[in-house]
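Here the protein sequences come in this chain order: X and C. As numbered in this note's numbering, residues 32 to 252 make up the first sequence, in order. As numbered in this note's numbering, residues 4 to 248 make up the second sequence, in order.
Hint data in this document are derived by calculation from the structure and do not stem from the laboratory. Check before you lean on any hint, since a few could be wrong.
Claimed, not checked - Label-pair restraints from in silico Cβ distances: (1) C:46 to X:248: 37 to 45 Å; (2) X:156 to C:48: 38 to 46 Å; (3) X:185 to C:233: 18 to 26 Å; (4) C:22 to X:45: 49 to 57 Å; (5) X:191 to C:53: 56 to 64 Å; (6) X:65 to C:12: 41 to 49 Å; (7) C:123 to X:80: 51 to 59 Å; (8) C:128 to X:109: 42 to 50 Å; (9) C:120 to X:248: 31 to 39 Å; (10) X:241 to C:150: 54 to 62 Å; (11) X:119 to C:233: 53 to 61 Å; (12) X:72 to C:119: 25 to 33 Å.
Heads up, the beta-carbon is just placed ideally off N, CA and C, and yes, glycines get one too.
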Amino acid sequence: MTGFLAVLRRELQVALRRKGDVLNVLVFFVVVASLFPLGVGPEPNQLRAMAAGVVWIAALLAALLSLPRLFAADHVDGTLEQMLVAPQPLASIVLAKIAAHWLTTGLPLAIAAPLIGLQYDLPADALAILLASLLIGTPVLSLLGAAGAALTLGVRGGGALLGLLVLPLFVPVLVFGAGAVTASLIGINPSAHLSLLGAFLAVSSIVGPWAACAALRVALD
Amino acid sequence: MNFDLFRFAAPQAFFPVAGKLIPWFSVIAGVLALAGLYVAFFVAPTDATQGEAYRIIFIHVPAAWMSMFLYLVMAGWAGFGLAFHTRLSGMMASAIAPTGAMFTFVALWTGALWGKPTWGTYWVWDARLTSELILLFLYLGFIALKSAIADPVRADRAGAILALVGAVNVPIIYFSVQWWNTLHQGASVSLTRAPSMAATMLIGMLLMALAAWMYSIAASLARLRAIIRERERDTEWLRMQRAAA
Numbered sequence: 032m033t034g035f036l037a038v039l040r041r042e043l044q045v046a047l048r049r050k051g052d053v054l055n056v057l058v059f060f061v062v063v064a065s066l067f068p069l070g071v072g073p074e075p076n077q078l079r080a081m082a083a084g085v086v087w088i089a090a091l092l093a094a095l096l097s098l099p100r101l102f103a104a105d106h107v108d109g110t111l112e113q114m115l116v117a118p119q120p121l122a123s124i125v126l127a128k129i130a131a132h133w134l135t136t137g138l139p140l141a142i143a144a145p146l147i148g149l150q151y152d153l154p155a156d157a158l159a160i161l162l163a164s165l166l167i168g169t170p171v172l173s174l175l176g177a178a179g180a181a182l183t184l185g186v187r188g189g190g191a192l193l194g195l196l197v198l199p200l201f202v203p204v205l206v207f208g209a210g211a212v213t214a215s216l217i218g219i220n221p222s223a224h225l226s227l228l229g230a231f232l233a234v235s236s237i238v239g240p241w242a243a244c245a246a247l248r249v250a251l252d
Numbered sequence: 004m005n006f007d008l009f010r011f012a013a014p015q016a017f018f019p020v021a022g023k024l025i026p027w028f029s030v031i032a033g034v035l036a037l038a039g040l041y042v043a044f045f046v047a048p049t050d051a052t053q054g055e056a057y058r059i060i061f062i063h064v065p066a067a068w069m070s071m072f073l074y075l076v077m078a079g080w081a082g083f084g085l086a087f088h089t090r091l092s093g094m095m096a097s098a099i100a101p102t103g104a105m106f107t108f109v110a111l112w113t114g115a116l117w118g119k120p121t122w123g124t125y126w127v128w129d130a131r132l133t134s135e136l137i138l139l140f141l142y143l144g145f146i147a148l149k150s151a152i153a154d155p156v157r158a159d160r161a162g163a164i165l166a167l168v169g170a171v172n173v174p175i176i177y178f179s180v181q182w183w184n185t186l187h188q189g190a191s192v193s194l195t196r197a198p199s200m201a202a203t204m205l206i207g208m209l210l211m212a213l214a215a216w217m218y219s220i221a222a223s224l225a226r227l228r229a230i231i232r233e234r235e236r237d238t239e240w241l242r243m244q245r246a247a248a
């Protein structure tokens, strides 16, 4: 537990000292979401129908953009090797890095998302569901994404490969996350979608760190 | 006599066995496919609602079965290799992946060709179609990751982790039919209730499925031998075999 907190504090400190990296991801998210109306036209009914999907896909892409940084810097300067041989379990260190990644990317995205929802003319209760779905769903992106980032560590063409590896795994998050908002728009109770999203979060909180730890051990073998 | 199956976990021991098995599986696959196609085109009756177009299911359904089944087999071998550090298991997973991706593609392609006359469109964003497409992406990701890592041992282990994580998705594919209720018809064959198709159609489909199985084994073994030749090219036993040949 002390290892978890120490790594978490360190990761957040590093992120604070490189505010640009964190802000760039957030700006990217807002820009991508703002481009869709320019592409498909300003018809409010159409925008309202596609708002949840647009926000979620923008969130997936933003997460994808930030994932290579999760282990790359520590890999280059040798910190990662020290983490592997540290007396603290690797899983707690990896979990701390995943938590820091979510706090610096997923959480800001979720908080910014209702603003984008307003631009897409979503009603207030749909905005609340959008926020809830992002709060439950974005940790999954960090958890499963960490496995992808660890698998592509030091691999040539890592960025595009990372997308090919993790985007298919994000599909359930996209389906249930966007589905919850769409359900609330057409007057269906979205709690089933949110529950399934929570179930997927539970599964990926086991699978993600396990796969990330195993992949890190392979990468630094 | 003590028959030790684990002896064949060594690429050196399995290489000649695979060479002997390939012709057998190829011939059985060919015979079954001929019988299955004969039943499919000349014996099975024309479907009352879908006409002749339904006959594509004799390719489509076995391909879809194999696509999902091969992913599980591949993930199984990969996981086995990850757990026991057996060299051959990782090679086996690499050998199965292209065949699985091929069947996934065939399932999507024939599904589109069947969809046009039956549904009036090549593609719908139905749960099962989408899951099959995602399965294709999973195969491609596995192949891409393996080919991106130069060291074969590292590639095997990284690929195994990816395959195991992706295997979580395969049950979701199967149950997606029940989860999302859309255009796609339910599963055609069910073991619990009476089959909703003529017996000859079922026989044709089972023959084709068995042919696809035998073909998969033959193709994977042939690819496995190529992988063994490539990876063990500097070993003494392969050098001696090359000298003898």
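Here is how each hint holds up against the structure:
Judged by the Cβ atoms, the range 37 to 45 Å given for residue 46 (chain C) and residue 248 (chain X) is violated: they are separated by roughly 56 Å. For residue 156 (chain X) and residue 48 (chain C), the hinted distance range of 38 to 46 Å is not satisfied, since their beta carbons lie about 54 Å from each other. In this structure the supplied range 18 to 26 Å holds for residue 185 (chain X) paired with residue 233 (chain C), their Cβ-Cβ distance being about 23 Å. In this structure the supplied range 49 to 57 Å holds for residue 22 (chain C) paired with residue 45 (chain X), their Cβ-Cβ distance being about 55 Å.
At roughly 41 Å, the beta-carbon separation of residue 191 (chain X) and residue 53 (chain C) lies outside the given 56 to 64 Å, and the hint is violated. Taking 41 to 49 Å as the suggested C-beta distance range, the pair residue 65 (chain X) and residue 12 (chain C) does not conform, at roughly 56 Å. For residue 123 (chain C) paired with residue 80 (chain X), a C-beta distance near 23 Å fails the hint of 51 to 59 Å. About 47 Å separates the C-beta atoms of residue 128 (chain C) and residue 109 (chain X), a value consistent with the hinted range of 42 to 50 Å.
Checked against the hint of 31 to 39 Å, the C-beta distance between residue 120 (chain C) and residue 248 (chain X) comes to roughly 52 Å, which is inconsistent with it. A C-beta distance of roughly 24 Å is found between residue 241 (chain X) and residue 150 (chain C), which places it outside the suggested range of 54 to 62 Å. The hinted range of 53 to 61 Å is not satisfied by residue 119 (chain X) and residue 233 (chain C), whose Cβ atoms lie roughly 41 Å apart. At roughly 30 Å, the beta-carbon separation of residue 72 (chain X) and residue 119 (chain C) lies within the given 25 to 33 Å, and the hint holds.
Violated hints, in rising order: 1, 2, 5, 6, 7, 9, 10 and 11; the structure is consistent with all others.
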